[in-house]
Amino acid sequence: MIVKVIGAFIAIAAFAILLESPKRYLWCAGVVGAVGWLVYLVCEKAGADEVLATFFSAMAIAIVSHIFARVFKAPVTVFLIAGILPTVPGAGMYRIAYNIIAGNSELAAHYLITTLELAGAIAIAIFLVDAMFRVSHRGWKQNSLRYDGKMNEKQL
Amino acid sequence: MYFGVIFGNARNGRTVYRCGNVKKVGTIMESDKIKIQGNSSDLRAENELGKCNNSEQPEMHRVLELALEAGCILLKNGAEIFRVEETIWHICNRYHIEQMDAFVLSNGIFLTAHQKGEENFARVKYVPLAKIHLGIVTEVNALSREIAAGKLDIEEAFARLEEIEKMPPRKDWQLILASGLSCGSFCYLTQKNTPASCMAFAIGIVLYIFLLFARRYKLSKLIINIVGGGLITVLALIATSLPLPFKVGFSQVIIGSIVPLIPGMAFVNSIRDIADSDFISGIVRMLDALLVFVYIAVGVGCVLIFYEQVLGGTIR
Chain A
1 MIVKVIGAFI AIAAFAILLE SPKRYLWCAG VVGAVGWLVY LVCEKAGADE VLATFFSAMA
61 IAIVSHIFAR VFKAPVTVFL IAGILPTVPG AGMYRIAYNI IAGNSELAAH YLITTLELAG
121 AIAIAIFLVD AMFRVSHRGW KQNSLRYDGK MNEKQL
Chain B
157 MYFGVIFGNA RNGRTVYRCG NVKKVGTIME SDKIKIQGNS SDLRAENELG KCNNSEQPEM
217 HRVLELALEA GCILLKNGAE IFRVEETIWH ICNRYHIEQM DAFVLSNGIF LTAHQKGEEN
277 FARVKYVPLA KIHLGIVTEV NALSREIAAG KLDIEEAFAR LEEIEKMPPR KDWQLILASG
337 LSCGSFCYLT QKNTPASCMA FAIGIVLYIF LLFARRYKLS KLIINIVGGG LITVLALIAT
397 SLPLPFKVGF SQVIIGSIVP LIPGMAFVNS IRDIADSDFI SGIVRMLDAL LVFVYIAVGV
457 GCVLIFYEQV LGGTIR
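Each protein sequence line maps, in turn, to chains A and B. Its first residue numbered 1, the first sequence is counted upward by one per residue in my numbering. Its first residue numbered 157, the second sequence is counted upward by one per residue in my numbering.
Keep in mind that the hints were calculated from the coordinates and are not lab data. Where hints are given, some of them may not hold.
[As the list claims (entries may be wrong)] Okay, the calculated beta carbon distance ranges per label pair:
id, chain 1, residue 1, chain 2, residue 2, range
1, B, Lys287, A, Arg24, 33 to 41 Å
2, B, Pro351, A, Leu128, 37 to 45 Å
3, B, Met323, A, Glu44, 39 to 47 Å
4, A, Ala102, B, Tyr282, 39 to 47 Å
5, B, Ala278, A, Gly103, 53 to 61 Å
6, A, Leu128, B, Leu443, 20 to 28 Å
7, B, Leu446, A, Ile6, 28 to 36 Å
8, A, Met132, B, Ala298, 21 to 29 Å
By construction, the Cβ of each residue, glycine as well, lies at the ideal position given by its N, Cα and C atoms.
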């Protein structure tokens, strides 16, 4: 399991390079990915199905990236786009295409529905966390450009 | 000596005033010899004369051009809609332009502003889709914070923006290596099969070389993704049919090597745009992500059909 989590770290940090994230945030993106994958594995071990595990994992990823965005004062997408990658159902797409070609239209339909469910779960997780951080005390939008007096002092 | 009287307001150094019997518009020159009459109501004019001599307030169209430029760079490099809108709003707010409206779509910015009796500004900017560069987004975001905190004057801000826009992408070999690494380790963490990850590593490298080539010649998204999907399928088929001592499944390899093609940015941004109620841009980007998925599936599918039905092979 530890090896897998390290694998996730490397995969996400490398993907962040492909997105041209700034160098100083690469390891953060890696950490986000590793946390997400850890949650996924734990959920799987606890017997949750794929959709639920993806939902929790996406939620963990979104929370950690929002926290990082506030700590480092960087856009949340720097962490989120790379971090969310392991949960994005890229494999599902392949399976749909494969089964359509192999003539298993039932399996293809099954995978299509699963893929849509996964995408929906990720979307809901991101929605929820966005909303959560909007209500939280540090201003409304993530990485808010709005300044309150304290933040200004800190920056100076 | 005869002296003029100031009408109107003197912000931006643009003033309506009378010099002798001639009405003039423009910056007050010393040669015009304006006299400020000593009533209390004219003290305002005196203040404004002082202001226009300092010329601290930049001209409105400069500010709006700065805001537009910053927004355009953000949008081009993959920021969300609300970030673009907020950046424009903050820059305008910092330089006291209150009557301003910005409307941002996923590939265009509409910006209008006016100040009473002075200037109007209206601009539509088309923003073509370009390569994602989150580094630029981060830098512009930081710049906008600095502007909002009042640390930069407008010319400095322009200079910084220009500098940011010229930020170079990473070196090709770094990108290629990163692509290989992400494919390999992604394959490992979903499939737990070391030989398969090594193959995915190699395929990722080849795939990214193709992607760089395609970008250099500005191929369309459709072609890039269909050919990219086909390419990884061909390579995975070759790799899995090599006579090797260990067993490697075809799907294991391909699930890993599909990673650099996944439209993560379009997917995440579309979700966040919809969450911010920017429905038009959100749906456009969602469609973008969905189409890329379909293109990849078509690419993979075509090659598999050819392999199974023309060459008569079986997929392991």
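- Query: Which hints from the list above does the structure break, by number from lowest to highest?
  - Reply: Failing hint: just 1.
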